[in-house]
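A.B. asks: Residue-level listing of the chains:
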Amino acid sequence: MTAVDFEPGFVFSHLGPLGQGLARTLAISAVGTAGALAVGGLLGAASALRIPVVRQGIGAYVEVFRNTPLLVQIFFLYFALPEAGVKLSAFTVGWLSLVLWGGAYNAENFRAGFEAVDPKYVEACRALGFSELASFRRVVLPLGTRTALPSVTNTLISVFKNSSFMIAIGYPELTDTAVDIVSVTFRAFEVFIAIGVVYLGLVWIFSLGAGLVERRFAIPGGH
Amino acid sequence: MMPLWVGPVARYMATGLVTTLALAAVSIAVSVVLGTLLGALLVLPSRAVRLAVRCYVEIWRGLPIIVTLFFIFFVLPVIGLRFDTFVAAAIGLCLWGSANVAEVVRGAVQSVPHGQADAAAALGFPWGRRMRHVVFPQAVRRALPPLVGLVVNLTQQTSLATVIGVLDLLQASQRSIERLTLSTGATHAIPILGAVLVVYFVICLPLTFLSRRLERSLQRA
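Heads up: the protein sequence lines correspond to chains A and B, in order. Everything in the first sequence is counted per the numbering used here, starting at 1 for the first residue and increasing by one. Everything in the second sequence is counted per the numbering used here, starting at 1001 for the first residue and increasing by one.
These are calculated hints, taken from the structure and not from any lab test. No experiment lies behind these values; they were computed from the predicted model shown. Glycine included, each C-beta is placed from N, C-alpha and C at the ideal position. This list has only true hints and no planted wrong ones.
Not everything, but these chain A residues come out facing chain B in the computed CB check (under 10 Å):
1. P69
2. L70
3. Q73
4. F75
5. L81
6. F165
7. A168
8. T175
9. F186
10. F189
11. V191
12. I193
13. G196
Just chain A, same shape as in the assembly (with noise of 0.2 Å):
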């Protein structure tokens, strides 16, 4: 080729395998982000109200999977497991590992926002009677869900973007379409500004989101 010829009406003829590549990384991207809140919450909370033993064991899981690369964890799940007699499917293994990384993410940033609850209001709560649980039911979860809340939408939008790891594994969502279509067709400018801008119009429109979300329960006379 002596000169690039770039036709981005190309983009239009592949639209159908596009669409559905993009179904799946949305597929895979939801159920991940919504393991990934369930998980977080879930295990930052145990954390935050040091329960023995538990808290021990959720630290060990946050650690392995925050201080090891996704891509080695995807790797794990899909190629070493089968040997221990567990045959996940591309599609399991795509959301099985966001949701496990996200989680451990997620437990920690919910962790720091319960943790960073001033400990009078539970005093004062204890002072009037509230059961331990009761009191973190009320007060210590509404105030420090909403202090989490940056950080863990941070880690839900990078849930969303890492589901491009799984054409690793094969699973044709969204990129892994994409590079199917380049290297039979070669075209590499269009396909790959195509997916470019929707990629990122999809995190401009959540970080836009997550930013009103935020507005619109950041705790009235800052913390």
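Got chain A; can you put chain B on it based on the hints?
C.D. replies: Positioned in the frame of chain A, the structure of chain B alone reads:
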């Protein structure tokens, strides 16, 4: 006694680890230098400069790194530039890393209370010395914990170079597994990929602790 396959596989993976460490070192060094410069530009008064740097930061921070890596890997040859996969991976990681460092530096500089610079101005310090002696030393302390966190993140992200064919630690482990499967029929994927996890863990955990300690000493100050 270790099984016979362990020796050759370990040696092969060690060469992969060297590539991983080299890739991490290059990406971290370039990202910190370039990102600090870009972050400094983000706090300059010029709106045009800020807008240009903001575009750079939002694009390379927002894109999944894998998409950036494939873009570089496929597009650069089309416009006549030939790089080997290591260089392509390094460029992609540096784009992402420098954009993130720029955000950290901007945040750190802007978190230094305005009164500090105002007080220095009142004492007759010109802009340059105000920055050098008053704002910068405080900003560095604030930037350090998230920067160490970014170093951990970049080190982990080097594993993505595998998908464009760099022979890093993960790629070496993957090829070892394939070779063992062909020659002996047994994959040994659990010990091999487990070892990769352990190596990354041993590199990253101390840095994570360091970042947390810096964070705590900052909160005490």
